[in-house]
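Same order as they appear, the protein sequences are chains A and B. Numbering follows full-length UniProt numbering, with no gaps: position 123 of the first sequence is 123. Numbering follows full-length UniProt numbering, with no gaps: position 71 of the second sequence is 71.
Don't read these hints as lab results, they were simulated from the structure. All of these numbers come straight from a predicted model, not from anything done at the bench. Among the clues, some could well be false.
[Stated by the list, open to error] Simulated pairs of lysine-lysine, DSSO-like, Cα-Cα distance not exceeding 27 Å: (1) B:K15 with A:K71; (2) B:K303 with B:K269; (3) B:K111 with B:K15; (4) A:K71 with B:K111.
[Unchecked claim] Coverage of chain A stretches by chain B, computed from C-beta distances (three or more under 8 Å per stretch; other residues unrestricted): (5) 8-19; (6) 59-71; (7) 78-88; (8) 91-104.
Even for Gly, the Cβ is constructed at its ideal location relative to N, Cα and C.
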Amino acid sequence: MPVGIVQRDAATAEFFDGAARGDLLIRRCDGCGGWAAPQARTCPHCASPALSWTPAAGTGTVVTWAVVHTKGLPTVTVGIVELDEGPWMQLQLTGDLPEDLSDLRVRVAFEQPEGGEAVPVFTPASTQ
Amino acid sequence: MSAVIAGLGITEMGKVYGRTAAEFAADAVRMAAADAGLAVPDIDGLLTNTGISGDVGLGLQRDLGLRDLRLLSEIQAYGSSAGAMVQYAAMAVGSGMADVVACVFADAPLKDPSSGAGAAYAGAGRRPTGWQGLAAASGIYSANTMYALAARRHMRTYGTTSEQLGHIAVAQRAWAVRNPLAQMRDPITLADHQNSRWIAEPFHLLDCCLVSNGGVAVIVTSAERGADLSQPAVHILGWGQAHPGYVMGPGSELGLVSGAAISGPAALKMAGVTIADIDVAELYDCYTFTALLSLEDYGFCAKGEGGPFAASGALGPEGRLAVNTGGGQLSSYYMWGMTPLSEAVIQARGQGGERQAPRHDLVLVSGNGGLLDHHSTLVLSPNPR
Chain A
1 MPVGIVQRDA ATAEFFDGAA RGDLLIRRCD GCGGWAAPQA RTCPHCASPA
51 LSWTPAAGTG TVVTWAVVHT KGLPTVTVGI VELDEGPWMQ LQLTGDLPED
101 LSDLRVRVAF EQPEGGEAVP VFTPASTQ
Chain B
1 MSAVIAGLGI TEMGKVYGRT AAEFAADAVR MAAADAGLAV PDIDGLLTNT
51 GISGDVGLGL QRDLGLRDLR LLSEIQAYGS SAGAMVQYAA MAVGSGMADV
101 VACVFADAPL KDPSSGAGAA YAGAGRRPTG WQGLAAASGI YSANTMYALA
151 ARRHMRTYGT TSEQLGHIAV AQRAWAVRNP LAQMRDPITL ADHQNSRWIA
201 EPFHLLDCCL VSNGGVAVIV TSAERGADLS QPAVHILGWG QAHPGYVMGP
251 GSELGLVSGA AISGPAALKM AGVTIADIDV AELYDCYTFT ALLSLEDYGF
301 CAKGEGGPFA ASGALGPEGR LAVNTGGGQL SSYYMWGMTP LSEAVIQARG
351 QGGERQAPRH DLVLVSGNGG LLDHHSTLVL SPNPR
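Kindly generate the complete structure, drawing on both the sequences and the hints.
Structure, rendered in structure tokens:
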């Protein structure tokens, strides 16, 4: 199922600029070099607020997932993925998914719904 | 000065239309004061907690015609708010800051179907912007999905199954059958649970709480004053809070351990009791999984054993542990943390009728909010410490 439409705001502008280029931007601490999720405002390792946008490799492993059923709409699989850099991202899982997604290796892809920002999704790494 | 819960007000509940949450809140406070044998002007402290309707707040003072309050605040820690309000009220009474504190939650998310409006919990129609918008665009726009993600992690880690979650739903419905206040009073079977439609796998419909319009209030006062009022006083023996602040990354305990693991021992220690002493547990159960995780984190069973514990028949009216004796949020009514708190007051007083637990000297109340982000615990008793 295609993703929905999302508009940027000030906090997400750079993230969506990256998505438009095909980069999954996450945060990296200027102090300790630790990685943080894109929405983080504080380094989870050293508590520094000085974080910079950095492209992630775009690969990771499924931590958990859910299959969302909504009346009148196709089912959607969503999940929490642990990026190889460490941070977790909650996004849609697409492509040819096995029934058991535990520890599935995935890779980021981007969808471009009309009228909104490019939206990252995860798809099985083996099918890339 | 120790504090007691002296009054309980529960409005008409469920698919009740034509009243705002603010009106439900005012009615609940009036009912709680009357229940205690107090007049509304006796209230000198007011703590409010608004649901998603968002219109229960400081204006409630004027709605109730209360003058010269010595304590007035909005409290917001989502599902842990009811427990938190009682804690702050007990501290206000204990310090002499206020004498009679009303704590109230009300919400009116259900719209009259004839009006063409849907339930406000659906999340549809909000303009998807920023990080929240990205989640929504990805298909993650409801608490159902967030808790389903947490539950699946528990299932993958400990082998918990949907059938085991179903035992919680079935046991709580069996309690609700005996509760005249409950919205859902027809018995269900495990097969009914398994056959109910998917909401967000691994959750079926019968894993999820109800949605209710209504309001609940309690009156907190000193033990001395409470001794002279209309109802048996319910002593507030212990309390705790926990706000885990889960890291969204390696080492996160999201879905595996909740704040009950911290707020529970803190509350029990304050009360001077252990978990083995607890007679009745009223657990926040926005989902079957939330109740299961709380059972583990309080230590009613070992970590990871919540599923087998539920499936063993430990819960329900015939079980060995009285849990969610009113049917909980799954089957009675969904008033955030006021659901477990209100039933706890009823049980501690011994007013549970057909669903009264025979032993009710120590009643534990659990509140949970956000995505397992906020937790509160109370230990209540008909007896002073």
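Now the hints, each set against the structure:
1. Using a Cα cut-off of 27 Å, the hinted pair B:K15 and A:K71 holds, with the two alpha carbons roughly 21 Å apart.
2. Under the criterion of a C-alpha separation no larger than 27 Å, the hint pairing B:K303 with B:K269 is consistent with the structure, at around 20 Å.
3. Distance restraint check for B:K111 and B:K15: the Cα-Cα separation of roughly 8 Å lies within the 27 Å cut-off, and the hinted pair is therefore satisfied.
4. Straight-line distance between C-alpha atoms of A:K71 and B:K111 comes to about 19 Å, which keeps the hinted pair within the 27 Å bound.
5. Given a C-beta distance limit of less than 8 Å, the hint that chain B covers the stretch 8-19 of chain A holds, as 4 residues qualify and 3 suffice.
6. Only residues whose C-beta sits within less than 8 Å of a C-beta in chain B count toward coverage, and the stretch 59-71 of chain A has 7 of them, enough to reach three; the restraint holds.
7. Residues of the stretch 78-88 of chain A lying with their CB closer than 8 Å to a CB of chain B number 7, which satisfies the three-residue condition for coverage.
8. Only when three residues or more bring their CB closer than 8 Å to a CB of chain B does the claim for the stretch 91-104 of chain A stand; here the count is 3, and the claim holds.
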